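Participant: Here is what each chain is made of, one letter per residue.
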Amino acid sequence: MRDLHVHYGDFEAVRGIDLEVRRGEIFALLGTNGAGKTTTLEVLEGFGQRSGGSVRVLGLDPATQRGALRERMGVQLQEGGFVDELTVAETLRLWQRMVDRTDRPERLLERFELTARRDVAVGKLSGGEKRRLDLAMAVWGSPELVILDEPTTGLDPESRRRTWDAIQELQEAGRTVVLTTHYLEEAEALADRVAIMHAGRVAVQGSLGEILASRPAGFSAIVPGGAGELPAVSGTVEREPVDDGTRIRVRTTELQRDLTGFLGWAADRGMRLTELRAAPASLAEIYHAVRAGETEVE
Amino acid sequence: MSDAGRVLALAGTELRLVLRNKTVAVSSIVVPLAVGVFWAFSFGASTQPGMTAMAVALQLSIVLAMGIYVTATQTVVGRRHNRVLKRLRTSGISDTGLLVATVAPAVVIGLVQLGIFGIIHAVIGSPWPVDPFPLVLALLGGLALVVTAALATTVVTPSPERSQITTLPLTFLLLAAAAALAVVPSQGWWQALVAVPGAPIGRLTQLAYEGGTWAAGPVGLPALLPAVAALLVWPVVFGYLAARRFRWDPRH
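Residue numbers (this note's numbering), protein chains in the order written: chain R, 1 to 298; chain D, 1001 to 1252.
Since the hints were derived computationally from the structure, they do not count as laboratory data. Since the structure is predicted, the reported quantities are computational estimates derived from the model, not experimental observations. Wrong hints could be hidden among the right ones.
Here are the simulated lysine to any residue pairs, SDA-like style, with alpha carbons at most 25 Å apart [as the list claims (entries may be wrong)]: (1) R/Lys124 with R/Glu79; (2) D/Lys1022 with R/Leu125; (3) D/Lys1022 with R/Leu230.
Residues of chain R placed beyond 12 Å of chain D at every Cβ, according to the derived structure [claimed, not checked]: (4) Gln96; (5) Gly154; (6) Ile211; (7) Leu230; (8) Asp268; (9) Leu276.
Just so you know, even glycine gets a beta-carbon here, dropped at the ideal spot from N, CA and C.
Can you build the whole structure from these sequences, using the hints too?
Facilitator: Structure representation (structure tokens):
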């Protein structure tokens, strides 16, 4: 996907993004509501009309070759798509006749733990059960590419974990998965590569390792008293007076060197540090930085 | 599976759903049927062809309007609202096939209702049309009118609830125009009324029962022609609107 633009009237929902998803990987599109995630997926699905840029999905142009593409692609919409009056089994049997890929309703009922609910009207299912049925339809016949729009929104932690298992199974079977989410831990647990979208643009893109390495790590501790003269560090230092001393926060790309210097300095003065913490940059930090508009758009 | 197979599978499911939903079953099946049967006994038993024409024109229009037009609009808007259309577009069915299958149950139900009226007329001994050709045209043109009108109406109907309002004007017009045209004189300025959507149905039914289909009408052309022209224009207009503006997704 190169320089994708999508307009709705005067509103530009997607403002020039480049995305590349490799075969066999799980790719997560992170972002707040209104960041343009669903709009981007709709272009991949062949539903959204782009106003600029070029897009290839499995080598096909989704806008003009949707027919050929959908045989190889399974889609889970963000919500809905069900006839409430049909039962779970009827829904899958209809799907069996609608989709070109072959699969068996029984297998999917079992895989997604819906066998006991097979004769229940879809309108009477819980949110989690509906989401499972939704996923079952998206992975029907094991398509080459599976697009999932917020597959775990509204699920309890247990169902979320089981959905993750199902997504990982797809990858083990060699399928490519593109998903959107606003849960950071979901992206961390599943995705090989991540793009963080904000206001219609991709702010950060890459593997989790690359993204985290690109941002400074940090450490913090409470130093008794006013802390006086601190040792020289390569990163930035913040001080904040607290009840029993001063909280020091250091953000640095040289975590080990700066932390060693800091600990040596404290040891020389016989200081007892409290609440000492050191961590690499987290996805959460980067995400919040993107939302606050700190991260430069690439 | 071929697209035809998919259309049949989906249309069959949709038909079962109409029968399963009591509200839809009453408004789409019971009401038009009851009113049509009432008209059959009120006007159809008369030996005057004009009265039978009136009954048949009313029956045609109530089935086309309530049985088909309203039901088809509600079904398409409802399926779009719940994103069923959007999901099915990710399956193998073609876009045309998807619309055909969604609208087909309403058309099938309408044809069955008309069949029932036909049987009732035969049983109570209503006069037969002297020329069935205009009646067949009225039926085919009417079907084209209400199906395209239903798709065009979905464009201005944001939610299933709203379809109860957006389908009212044309429903009313269809019934009023067909009834009026079955009785108004076929001379003079009255003929301009035939341009109202649905009015040709009344005019053609009148010709079927009273004859004169090929008699010289305005400017010496067969009497049938203005009605046929009007019958073609509206489906083309509605079809054009639907093709240009139809939306699959409730969001945008």
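Participant: Are all beta-carbon distances from R/Gln96 to chain D longer than 12 Å?
Facilitator: 9 Å, violated
Participant: Could you grab the alpha-carbon distance between R/Lys124 and R/Glu79 and see if it respects the 25 Å cut-off?
Facilitator: 15 Å, holds
Participant: When you look at the beta carbon of R/Leu276, is every beta carbon of chain D farther off than 12 Å?
Facilitator: 50 Å, holds
Participant: Please verify whether D/Lys1022 and R/Leu230 have alpha carbons no more than 25 Å apart.
Facilitator: 78 Å, violated
Participant: Is the Cβ of R/Ile211 more than 12 Å away from each Cβ in chain D?
Facilitator: 31 Å, holds
Participant: Does R/Leu230 sit more than 12 Å from chain D, CB to CB?
Facilitator: 54 Å, holds
Participant: Keeping to a limit of 25 Å between CA atoms, is the pair of D/Lys1022 and R/Leu125 held or broken?
Facilitator: 21 Å, holds
Participant: Over 12 Å to the closest beta carbon of chain D is the bar; see if R/Asp268 clears it.
Facilitator: 63 Å, holds
Participant: Decide, holds or violated, for the assertion that all CB atoms of chain D are farther than 12 Å from the CB of R/Gly154.
Facilitator: Holds, since 16 Å exceeds 12 Å.
Consistency with the previously given hints fails for numbers 3 and 4, ordered from lowest to highest.
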